[in-house]
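Chemist: Letter by letter, the chains look like this.
There are 2 protein chains.
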Amino acid sequence: MKILVLLSGGLDSATCLGLAVEEVGAENVSALCSYYGQKHSKEIECARKVAAHYGVKLIEMNLEPVMKFSNCSLLTHSTQKIKHGDYAEQTKEAGGKPVETYVPFRNGLFLSVAASIGLSIGAQEIWYGAHADDAAGSAYPDCSLEFVENMRQAIETGSGGGITIRAPFVNVNKAAVVKKGLLLKVPYELTWSCYEGGEKPCGKCGTCIDRAKAFAENGVVDPYDKT
Amino acid sequence: MKILVLLSGGLDSATCLGLAVEEVGAENVSALCSYYGQKHSKEIECARKVAAHYGVKLIEMNLEPVMKFSNCSLLTHSTQKIKHGDYAEQTKEAGGKPVETYVPFRNGLFLSVAASIGLSIGAQEIWYGAHADDAAGSAYPDCSLEFVENMRQAIETGSGGGITIRAPFVNVNKAAVVKKGLLLKVPYELTWSCYEGGEKPCGKCGTCIDRAKAFAENGVVDPYDKT
Chain A
1 MKILVLLSGG
11 LDSATCLGLA
21 VEEVGAENVS
31 ALCSYYGQKH
41 SKEIECARKV
51 AAHYGVKLIE
61 MNLEPVMKFS
71 NCSLLTHSTQ
81 KIKHGDYAEQ
91 TKEAGGKPVE
101 TYVPFRNGLF
111 LSVAASIGLS
121 IGAQEIWYGA
131 HADDAAGSAY
141 PDCSLEFVEN
151 MRQAIETGSG
161 GGITIRAPFV
171 NVNKAAVVKK
181 GLLLKVPYEL
191 TWSCYEGGEK
201 PCGKCGTCID
211 RAKAFAENGV
221 VDPYDKT
Chain B
1 MKILVLLSGG
11 LDSATCLGLA
21 VEEVGAENVS
31 ALCSYYGQKH
41 SKEIECARKV
51 AAHYGVKLIE
61 MNLEPVMKFS
71 NCSLLTHSTQ
81 KIKHGDYAEQ
91 TKEAGGKPVE
101 TYVPFRNGLF
111 LSVAASIGLS
121 IGAQEIWYGA
131 HADDAAGSAY
141 PDCSLEFVEN
151 MRQAIETGSG
161 GGITIRAPFV
171 NVNKAAVVKK
181 GLLLKVPYEL
191 TWSCYEGGEK
201 PCGKCGTCID
211 RAKAFAENGV
221 VDPYDKT
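So the sequence lines, in the order shown, correspond to chains A and B. Each residue of the first sequence is one higher than the one before, counting from 1 in my numbering. Each residue of the second sequence is one higher than the one before, counting from 1 in my numbering.
No wet-lab data here; the hints were simulated from the structure. This one's a predicted model, so the numbers in the text were calculated from it and none came from an experiment. Among these hints, one or two may not hold up.
When chains are identical, the list treats them as one kind, so a pair holds in a single copy or across two.
[What the hints assert, rightly or not] With a Cα cut of at most 20 Å, we get these calculated SDA-like pairs of lysine to any residue:
id: 1; residue 1: K68; residue 2: Y35
id: 2; residue 1: K185; residue 2: I209
id: 3; residue 1: K92; residue 2: T157
id: 4; residue 1: K200; residue 2: L190
Please work from the sequences and hints to get the whole structure.
Modeler: This is how it looks when you write it as structure tokens:
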């Protein structure tokens, strides 16, 4: 069995990659990383380091032309600043709509690109590190269990059964992802989460707060705080 | 209501565009056309002419990097030749798998790109010209009613209800598409179908045969035969 893992360079996808390598061996795993105009493009450098750590082939795509029409605050060309504060607060403010850092159908796009490439390189499964915290309260609708199920069906049907999706963390929270990753010895010191993409994590954006909580719940110091 | 139409430069998508313009007016319609390494890239020039005919904005994307891993015979870099003969025969040969000119999850990729762009430009619907002939016998699984339904759900869910898909021809055959297009005065003389992408249509590939049949069933001479 061959697996193509969506790898952003962040914590969740690095854990997903670690799990895939444990399951089928590095020689049967490839990773896919995309630039899409994100301010925190340094996560791509992290994806390269994580892929190298595991000895898996990394395929890189440039999807920035697709996102150039969006004014999402996460994008370099956006006129909007990234909101600070935790997701629960931002989700409440968004009033049932996606939060401001939702990049339009980004994860659906990633999964479709992965389906095309996966079918071409002989992979049977696409692994995707979405987890329950990201989907909570419709913050990121393209992380929800329902979305993953819909997309899985679309990809299975549209590929004539050639490839499918597996999202091993879709029912658990970020703390559980970290728990699993610590057991797997995922190199979290190589990963990047902060949306600001500065020299050090800002500690104030939604994903910084989320990451800190996930490590705290495991009683572990986040290794990237030390760098 | 704003509509983003997938426009290949072929007959089906040109008809889809004609219908969208009739429904909401050219000022509320944009079209999306993608290069993906296809041998018949001259269809893109046709897409430009069709979009200009209707006075709608055309967005062009280059998705060739996604398809460079595939050896599908439709692609310029492929080592395979495009098979001749009609789809019924090719589908039989394929034995339940997609035919050789199936480009891996291409239409799913197009729809995802359209979802990202559509959300960004304020469109509420993506229109897609898939029809029943293309899906028959699993020749092109990414044209089937089931696929369109799955993808519609994935896009609605993953966008938080921001955008959806409409496939006006998914239940009818190509002859019915042409019938509708003739009523709408779709400029078929500007469209291109042949997979070979030569100076004139080859008349032997699946899509040439399909197109000829569709016009014949309407008792009309295909205007591109005259050029």
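Chemist: Does each hint fit the structure? Answer for all of them.
Modeler: Each hint tested on the structure:
1. In the homo-oligomer, the alpha carbons of K68 and Y35 lie at most 20 Å apart both inside one protomer (12 Å) and across protomers (17 Å), since each shortest distance falls under that limit.
2. In this homomeric assembly, K185 and I209 never come within 20 Å of each other (Cα to Cα): the closest approach is 22 Å inside a single copy and 57 Å across copies.
3. In this homomeric assembly, K92 and T157 come within 20 Å of each other (Cα to Cα) only across copies, at 19 Å, whereas the closest approach inside a single copy is 36 Å.
4. Only within a single protomer do K200 and L190 lie at most 20 Å apart by alpha-carbon distance; the minimum there is 13 Å, versus 55 Å between protomers.
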